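Protein chains: 2
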Amino acid sequence: MRATYTALCEHGYADLTLRKIAADFEKSRGLVHYHYDSKDHLIVALLEYLSDRFSDRIQATADESPSDRLDTLIEWLAVGPSLDGVDGEAYHMAIFELRAQAPYNEALRSRLQENFSFLKTTCEEIIRDGIRQGQFRPVDVEMTTILLLSAVANARDLELALGEENAIETVLAALDHFIFPQLYATLGSDS
Amino acid sequence: MRATYTALCEHGYADLTLRKIAADFEKSRGLVHYHYDSKDHLIVALLEYLSDRFSDRIQATADESPSDRLDTLIEWLAVGPSLDGVDGEAYHMAIFELRAQAPYNEALRSRLQENFSFLKTTCEEIIRDGIRQGQFRPVDVEMTTILLLSAVANARDLELALGEENAIETVLAALDHFIFPQLYATLGSDS
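Quick mapping for you: the protein sequence lines, in order, are chains A and B.
Note that the first sequence covers residues 1 to 191 in full-length UniProt numbering.
Note that the second sequence covers residues 1 to 191 in full-length UniProt numbering.
Just chain A, same shape as in the assembly (with noise of 0.2 Å):
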């Protein structure tokens, strides 16, 4: 998985080739050839890999309080997540790439929903664990969610694809401006 995620993200997938992977891997080609008879079926299982560490890593910020909570996910996805020393920055330009072949490829399309489903379910959790505790106003959910992602996404993918400068950042002072006093009991919703 290692090996397939270092040479997703430095060769982009329309040029990955198993034989690149497997230059990245200490064992053979033929191992790789062996568990895998395409290139598909290594990035499937590789983003099936990179969904669980996510789960991980949003697992182990469980006693975090909600906005906390909240915070990290936006981070991550605005720049992160680095993993086994691979920059965000090459991460989601791997994973645009990929979104990018969706449509024409059902085994990838599948794979990045089940991802995407994920992420949208945990930010769902976190808003409505907001709600409960009082931290978060009575938003509606599901809108909530996919504004705050999408807004954060497209701002990251502008910035690394198109280099649109500060795009990140002005998305971030949007949301603050605009969203989080609706959202956080403790703002006033002109502040």
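Simulated from the structure, these hints should not be mistaken for laboratory data.
The model shown is predicted, which means the values in this text are computed figures rather than measured ones.
Please note that the accuracy of each hint is not assured.
If several chains are the same, the list does not tell them apart, and a pair holds so long as it fits within one copy or across any two.
[Claimed, not checked] Think about it this way: if two alpha-carbon atoms lie no more than 16 Å apart in a straight line, the pair counts; the simulated EDC-like pairs of lysine to aspartate or glutamate are:
#1 Lys120 to Glu165
#2 Lys120 to Glu164
#3 Lys120 to Asp140
#4 Lys39 to Glu106
#5 Lys120 to Asp15
Got chain A; can you put chain B on it based on the hints?
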């Protein structure tokens, strides 16, 4: 340009060849080669053409009110623009794939940056007009623009690429709830 556009939307960028473009072109394949010595030259020319068409359509709304123009812009971003009989969905999938290639392709990135820059400037001008005319509150124009464009664009990508149903509808409802009451002078900030 029409043949390139149709072929791009039909085949996607990765599978696009000059031969496929020529197949949609009443003139000879030789003529396509004569004018454009690579697929990417054609794609860059197409993106410029699409930006010009978008500019014409925006120009045609110049007499409408800022709020009507903003509605139109968001609607185009969410589902269109349909052009030359290609549906908006195929168009956005093609652009999505091009954006994913941008980090690896300087000519593409540079042209996509220009197109995004035009979209952003247009949205900023509409909001600035609205503020001047008293229809919008004196919001931070850049921040509001990035938030609106990012939220809608990513919801569209989620719906088209991942089949995340109702993502566009949900994000538009979220804008109605969280953003527009703070943008429109005539709406209460809690409505």
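Hints violated by the structure (numbers, ascending)
5
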